[in-house]
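Add chain B to chain U, keeping to what the hints say.
Chain by chain, the residues run as shown.
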Amino acid sequence: MALIRIRGLSTVFGPQPKKALQRVRAGADRATLFADGHTLALHDIDLDVRAGEIFVVMGLSGSGKSTLVRHINRLIEPTAGQVSIGSQNVSAMGPDELIEFRRTRLSMVFQGFGLLDHLSVLDNVALGLEFRGLSRAHRHAMAMHWIERVALQGFEQHLPAELSGGMRQRVGLARALCSDTDIILMDEAFSALDPLIRAQLQTELLTLQAELGRTVVFITHDLDEALRLGDRVAILREGRLVQVGTPQDVLLEPADRDVAAFVRNVNRARALTIDAARMPWPADLPLPPPEQAVDADASIEEALPRLVGRCAPLALRRGGTIVGQVSVDTVRALLEPQG
Amino acid sequence: MSDPAGVFPDWHSPLRDGTNQLINSLVVDYGDRFEQVSNGLLGVLVALEHGLRGAPPWVVLLAAAAFGLAASRRWLFCLLSAGGLWVVGALGQWDQAMQTLALVVVSVAASLALGLPLGVGCARSRGLRRVAMPLLDLMQTIPSFVYLIPAAMLFGLGKVPALLATVIYAAPPLIRLTELGIRQVDAEAVEAARAFGATRRQLLVKVQIPLSLPSILQGINQTTMMALAMVVIASMIGARGVGETVLVGLQRNDPGTGLVGGLVIVILAIVLDRLLQAGGARLRDRPADRL
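Chains as they are written, first to last, in the working numbering: chain U, 1225 to 1563; chain B, 2 to 292.
Looking at chain U on its own, in the form it has when it is part of the complex (with noise of 0.2 Å):
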């Protein structure tokens, strides 16, 4: 059941939105848009994310991610198109049921932190319980138990300008996570770290994901990132979704030719399971105890020591069951790059 749901979105900035996306529909090119002063931002965007989810959008520069993602909490007004999430349609709101919704349904994260530099750790970790009116020391206690969980325990009276990027962000994360919201858009999030910080904070929202299990849209231009954070992955190229899919379907089944050359590059050993590469047990073999298996969610880079220089074929496991066999052909073939 999903539910984000985003039917027929599509957004032009200019100074005659509703008369340029007409004519995109008759068939004008973003280039001919471009020419008298509109951007084609968005087109005819049909999305459901599913509740629970980290679902990654994921585009380069000037492709429509970060416009894409401000339409859910409606800090942008689409020129057509709806939103809606669960049985609320976000697009027919009114102005106090629009504050009162992004107050109690959905909380954002910013590349460049968007924090503000007046106030303490604690009094930005509680914005968004100030903005609802909720008591000092209510709130107080609320992000004090956030503060802890993004280990920034003991900077809670610091300004954000005496913290680090990395630091900086976590703050950021907390508090999206204080606000107590079902889903939380995180627009490039961790792009203006440094990567080794980068790294960290996407393991951090794994494992506070995998507790919490809070709806997550997280926009990215970067594929790695994209593929280990992704439950499922989107595509946006110039405004237009090119494939929605798992990492294993982008990789292994990419869209076209584009999204193919994109892929090309990334650590598929890192970025696939090894279960992707699974084949039936033979029927004539006797199936091997558990423990000598290897678990189908690794990656085939975790698995790949069990493998080389391996005759027999590996077999894969997933609790307690053998599921399958792996052999090294298999895996090489999955390794090579399509298209």
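By construction, these hints were calculated from the structure, which means they are not laboratory data. Just so you know, not all the hints are guaranteed correct.
Said to hold, decoys possible - One side only, chain U facing chain B, incomplete, derived with CB under 8 Å:
hint, residue
1, Leu-1299
2, Met-1332
3, Leu-1351
As the list claims (entries may be wrong) - Stretch-level coverage of chain U by chain B, calculated; a stretch enters the list once three of its residues show a Cβ under 8 Å from a Cβ in chain B:
hint, region
4, 1318-1329
5, 1383-1393
C-beta atoms are modelled at their ideal positions from N, C-alpha and C, and glycine is treated no differently.
This is chain B only, laid out in the frame that chain U set:
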């Protein structure tokens, strides 16, 4: 008007006569109304002036020292503000300086009451900004006497037209810097506040004004300095104060008196500027416990 060739139409006479008729009819029809406004403003100004001039000088010196300490938390500032005023007294300009100080304080308060809402409005509304910005240019460039003539006719000579002229001249930088400060607040901070469900009022009070405070404080500082610069002009329409000392020097070919008046204005400017800068810096450095 000598234009024998007849190249130019005569716009001079209709503009002059129209303006004069308008002002005259305002004086005749609404004179009482303007006098009421005038008396109200005068009441506040005179009360403050009375307080400053009536109090024993050592009370004012102590108050200046206390302000210096509160604004900067440094003894040097404390000494500087009290010492500056003490020199003013030693130059024999105590009474005039208190008159000027009262006029500056009331002008800055009026500029704040007018300038802050206008600055916020300009930052939020492109339409208002388009109308207001050329008007601000006009207010700053048009010679003060041009609007002092009708102001003196409507409010009478004295302190009220001086106050009006000072506000017209000194409010624009505050309006501009407020507008600029609010528009330069980090776009992502504003977006974050909206995303977390801030109302327009919450966005303004909890995000935009605190984050543009350095710019607004700079505006208050500029406005104060410009108000002080207006005091000589103000004295010409009977507002008294230190400006009068300069004016007397000019009228009597007495450069010494002129220098005394000028020095006092400079000292007042330095003291006010240092106090405002120090207070502003302290607000910026420890903003969290203030707001």
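Next item on the list: With chain B as the partner, please determine if Met-1332(U) meets the hint condition of a C-beta pair closer than 8 Å.
Entry: This hint holds: Met-1332(U) lies near chain B, its Cβ roughly 4 Å from the closest one there, short of 8 Å.
Notebook entry, point to check: For the region 1383-1393 of chain U, does the count of residues with a C-beta closer than 8 Å to a C-beta of chain B reach 3?
Noted result: violated (count 1)
Check: Are there at least three residues in the region 1318-1329 of chain U whose beta carbon sits under 8 Å from a beta carbon of chain B?
Finding: holds (count 6)
Next item on the list: Return the status of the interface hint for Leu-1299(U): holds when the least beta-carbon distance to chain B is below 8 Å, violated otherwise.
Entry: holds, 6 Å
Next item on the list: Report holds or violated for the interface hint on Leu-1351(U), using the least CB-CB distance to chain B and a cut-off of 8 Å.
Entry: holds, 6 Å
Of the numbered hints stated above, the single one contradicted by the structure is hint 5.
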